[in-house]
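Novice: In case you want the letters, here they are:
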Amino acid sequence: MIVAESKPIKELLEMVKGFKKILVVGCKGCVTVCNVGGAKEVAILASTIRISGKKEGLDLVVGEHTLERQCDPEYIDELKDIIGDYDAVISIACGVGPQFISERYPATKVFPGVNTKFMGGAVEHGVWSERCAGCGTCVVHLFGGLCPIARCSKSLLNGPCGGSSNGKCEISSDVECIWDTIVLKMMEQDRLDELMEFRPPKSWTTARDGGPRKMIREELVK
Amino acid sequence: MDDFKPQIVAFCCTNCASSAAKVSHGMKKALPDNVKIIQVPCTGRIETLHLLKPFEEGADGVYVAGCQADSCQYIGGITKAAKRVAQVKGILEGLSIEPERIDVFHLSAGKGQEFVEVADRMVNTVKGLGPVLTAPNRN
Amino acid sequence: MSEHKAGSNLEKVLSAGHFAFTGECGPPQGANVPHLIEKANHLKGVVDAVNVTDNQTAVVRMSSWAASLILLEQGLEPNFQMVCRDRNRLAIQSDILGVYAMGIRNMLCLSGDHQSFGNHPESKNVFDIDSMQLIHTVKTMRDEGKFLNGSDVDVAPKLFIGAACNPFAEPFDFRVYRLAKKISAGADFVQTQCIYNMDKFREFMKRAVDMGLHEKCYILAGVTPMKSVGMALYMSKQVPGMDVPQALVKRLRGAGKGKAAEEGIKFALEQIEEFKEMEGVAGVHLMAIEWEHKVPEIAERAGVLPRPVV
Ligand code: SF4
Ligand code: SF4
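Protein sequence lines correspond, in order, to chains X, W and S. If you want my numbering, it's the 1-based position in the first sequence plus 254. If you want my numbering, it's the 1-based position in the second sequence plus 174. Numbering follows my numbering, in which position 159 of the third sequence is assigned residue number 150; successive positions increment by one, without gaps.
Please note: incorrect hints may appear among the correct ones.
[As the list claims (entries may be wrong)] Every beta carbon over 10 Å from chain S, so not counted as near; a handful from chain X, in silico: (1) Glu265; (2) Lys294; (3) Lys334; (4) Asp434; (5) Arg453; (6) Pro455.
[Claimed, not checked] Only pairs whose alpha carbons sit at most 16 Å apart, straight line, appear in this in silico EDC-like list of lysine to aspartate or glutamate: (7) Lys207(S) <-> Glu270(S); (8) Lys227(W) <-> Glu318(X); (9) Lys241(S) <-> Glu254(S); (10) Lys257(S) <-> Asp201(S); (11) Lys196(W) <-> Glu288(W); (12) Lys456(X) <-> Asp119(S); (13) Lys172(S) <-> Asp447(X); (14) Lys294(X) <-> Glu221(W); (15) Lys172(S) <-> Glu451(X); (16) Lys137(S) <-> Asp86(S); (17) Lys191(S) <-> Glu265(S); (18) Lys309(X) <-> Glu230(W); (19) Lys309(X) <-> Glu267(W); (20) Lys309(X) <-> Asp294(W); (21) Lys439(X) <-> Asp164(S); (22) Lys130(S) <-> Glu113(S); (23) Lys115(S) <-> Glu318(X); (24) Lys210(W) <-> Glu291(W); (25) Lys468(X) <-> Asp326(X); (26) Lys172(S) <-> Glu448(X); (27) Lys257(W) <-> Glu221(W); (28) Lys309(X) <-> Glu272(W); (29) Lys264(X) <-> Glu267(W); (30) Lys254(W) <-> Glu291(W); (31) Lys264(X) <-> Glu272(W).
[What the hints assert, rightly or not] On the chain X side, residues computed to face chain W include the following (Cβ under 7 Å): (32) Lys264; (33) Ala297; (34) Ile298; (35) Met373.
Note that these hints are calculated values from the structure, not bench results. All values derive from a computational prediction rather than experimental measurement. Ideal Cβ placement from N, Cα and C applies to all residues, glycine included.
Take these sequences, add in the hints, and give me the full structure.
Specialist: Structure (structure tokens):
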């Protein structure tokens, strides 16, 4: 899933300063799963903004709405009857959400309520970790099913940099050295020869480096 | 500020705090009348939103009174509540509202006096801070 | 002559079978040319080549190619270092051509410390290619006259290709294979991480020799004399991939106040003595960090002077 975190409340309030009618829009997709942008968090953020209004002596109107998904125009459409009642919209979906809303409702001022972080998953309750950098040409099979592009701090493809200690990356003892894990796993599986193979420079054309990406599936296009 | 009577909302779990409340009744030690008690089966059930709502409705302080961390009947309920209280402290700070306006207290069942003391303590703390509303109503 | 890949002084010293002795010089954090020259001059005639670091520890300094050229003008042979952190493959290949065009003949290929260590942790890192691929890029440009995209290089850069090697990184069993991989990618020589744990290094070299790696590549043992107990503690705790045995810390401590530096040099000299005899070790790379003026004395006491003229 896409993992996001809430923006600091101070930053958010600064963004929507001066707006009297604010709609907080959540999403039932990834951000619900990572507890940052679902109906629950919409209610918390709306309440927080109301409290701030109370404190400042402002009569804020804060609406709450959670969509099935914000990355689908079909669901964004759902806002059409209410969005006109608000001066500002805070989307707490991933970065796709505020953009889809902006595109669908050109007159509306849209603000991002979360910082979109990475593609990953929950490794334990309340802890998420990055797994994929969306390079567009998956090669994890070459590395024991683990991705050094997303998970090695230097995206090395030919082995560890030599800076790891106790299985941790040289940049921080909080970061796993994925190369350490890859090497141990490949040796364990008796696949050292695969690791010894030279991996040539990767083509990043399929990654973000190749420019903004788009995917067309002809058989699905109406 | 002397005439300021803060409105406090207390979330108490039935197992500990409420039994303590009974004891305190027996001892005729009155609870301050500006502390509104909301009983919950277990403090672990209190959501972040529950803790925020009283502030939205005009409360000046909120607290959770539950068991000792190691004697929670539902295992870890009060620990969970403490984490949520900490989260709300963070939110309040973000709003430039004193985080001391929300707190969590661990009580032992059967100690009614403690229950009243905690309420008094919270009332005093919040009284010292004054009302949440800092700006005159600009409507 | 023709069998030389690049014809650098370092290559000639090594191929003639001499025990090589290389040094290191970090460019200034500014355009302070006199200071750079002063530091470099301590190494003149004392080492076979001088490594010129490339934004070492991710701290911005004068570019390594510019500092290398200044050294070249001063009559020293630079070993131009390049890291993958700061350049994409376009910049990498054009810099390779540039340094060769200006007379640089040795190049050390590195991944580079992560920028979070340095003084611009906010920066974007590049790592378009890794150190292994960088080695291979130089080799392909030099030996096949091809750029990474396969098109022809008009006048190939004849560079003597170096790589780094950390015998102490984990997992230890993999280290010698990693070295083998760098050699097949194209490394002509390697300079190791600073060695303090001699037992481990002996074991590493034994494995390297068993695999015949010393016959395919010149292995230079890294030596950094400890200046103080504090430095030893810092190295053991703060520097990634460094292995400093407690016994060495104890030895430096035991030397007493004001004598740790001399003890550090003594240890380095003992190491060099052993490396001269160790099978597979072709030389020593002395990294006397901000201690360049001590290098002549160390070289003298290590008995590696005068340097061979080849
Ligand atoms: S190789 Fe590419 S697509 Fe596969 S996990 Fe890594 S970044 Fe994602
Ligand atoms: S320590 Fe490991 S994860 Fe970190 S940069 Fe080096 S190889 Fe990559």
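Novice: Could you run down the list of hints and mark each one as holding or not?
Specialist: Checked hints:
1. Chain S leaves Glu265(X) outside its interface by the beta-carbon criterion, the shortest separation being 18 Å against a cut-off of 10 Å.
2. Distance check on Lys294(X): its Cβ is at least 34 Å (rounded) from any Cβ of chain S, clearing the 10 Å threshold; non-interface status holds.
3. Chain S leaves Lys334(X) outside its interface by the beta-carbon criterion, the shortest separation being 39 Å against a cut-off of 10 Å.
4. The claim that Asp434(X) is not at the interface with chain S is violated, since a C-beta of that chain comes within 10 Å of its own (minimum 6 Å).
5. The beta carbon of Arg453(X) is not kept farther than 10 Å from every beta carbon of chain S, the shortest such distance being approximately 8 Å.
6. Non-interface status of Pro455(X) relative to chain S is broken: a Cβ of that chain comes within 10 Å, the nearest being about 4 Å off.
7. Taking the CA atoms of Lys207(S) and Glu270(S), the gap is about 14 Å. The hint holds against a cut of 16 Å.
8. Of the pairs offered as hints, the one joining Lys227(W) and Glu318(X) holds, with about 15 Å between alpha carbons and a cut-off of 16 Å not exceeded.
9. Distance hint between Lys241(S) and Glu254(S) is fulfilled; the C-alpha atoms sit about 11 Å from each other, no more than 16 Å.
10. For a cut-off of 16 Å, the pair hint linking Lys257(S) to Asp201(S) is broken: about 30 Å separates their Cα positions.
11. A hinted pair counts as satisfied when its Cα atoms are at most 16 Å apart, and Lys196(W) with Glu288(W) qualifies at roughly 12 Å.
12. About 8 Å separates the Cα atoms of Lys456(X) and Asp119(S), which keeps this hinted pair within 16 Å; it holds.
13. For the proposed pair Lys172(S) and Asp447(X), the alpha carbon gap of about 10 Å is at most 16 Å, so the pair holds.
14. About 9 Å separates the Cα atoms of Lys294(X) and Glu221(W), which keeps this hinted pair within 16 Å; it holds.
15. Annotation: proposed proximity of Lys172(S) to Glu451(X) holds, straight-line Cα distance about 8 Å (limit 16 Å).
16. With a C-alpha separation of about 15 Å, the suggested pair Lys137(S) and Asp86(S) falls inside the 16 Å cut-off, and the hint holds.
17. Proposed proximity of Lys191(S) and Glu265(S) is supported: the alpha carbons are some 14 Å apart, at most 16 Å.
18. The straight-line distance between the Cα atoms of Lys309(X) and Glu230(W) is roughly 9 Å, inside the 16 Å bound, and the hint therefore holds.
19. With a C-alpha separation of about 13 Å, the suggested pair Lys309(X) and Glu267(W) falls inside the 16 Å cut-off, and the hint holds.
20. Between the alpha carbons of Lys309(X) and Asp294(W) the distance comes to roughly 24 Å, so the proposed pair goes past 16 Å and is violated.
21. For a cut-off of 16 Å, the pair hint linking Lys439(X) to Asp164(S) stands: about 13 Å separates their Cα positions.
22. With a C-alpha separation of about 33 Å, the suggested pairing of Lys130(S) with Glu113(S) is violated against the 16 Å cut-off.
23. For the hint linking Lys115(S) to Glu318(X), the alpha-carbon distance of about 37 Å lies beyond 16 Å, and the restraint is violated.
24. About 15 Å separates the Cα atoms of Lys210(W) and Glu291(W), which keeps this hinted pair within 16 Å; it holds.
25. Under the criterion of a C-alpha separation no larger than 16 Å, the hint pairing Lys468(X) with Asp326(X) is consistent with the structure, at around 15 Å.
26. Only pairs whose Cα atoms come within 16 Å are accepted, and Lys172(S) paired with Glu448(X) is accepted, the gap being roughly 11 Å.
27. For the hint linking Lys257(W) to Glu221(W), the alpha-carbon distance of about 10 Å falls within 16 Å, and the restraint holds.
28. For a cut-off of 16 Å, the pair hint linking Lys309(X) to Glu272(W) stands: about 12 Å separates their Cα positions.
29. At roughly 9 Å between alpha-carbon atoms, Lys264(X) and Glu267(W) fall within 16 Å of each other, so this suggested pair holds.
30. With a C-alpha separation of about 23 Å, the suggested pair Lys254(W) and Glu291(W) falls outside the 16 Å cut-off, and the hint is violated.
31. Between the alpha carbons of Lys264(X) and Glu272(W) the distance comes to roughly 14 Å, so the proposed pair stays at or under 16 Å and holds.
32. Interface restraint check for Lys264(X): the shortest CB-CB distance to chain W comes to about 5 Å, inside 7 Å, so the restraint holds.
33. Interface hint at Ala297(X): satisfied, since its Cβ lies 5 Å from the closest Cβ of chain W, which is below the 7 Å cut-off.
34. Annotation: Ile298(X) was flagged as interfacial toward chain W, and the flag holds, the nearest CB pair being 5 Å apart, inside 7 Å.
35. The closest approach between the C-beta of Met373(X) and any C-beta of chain W is roughly 25 Å, which is over the 7 Å cut-off, so the hint fails.
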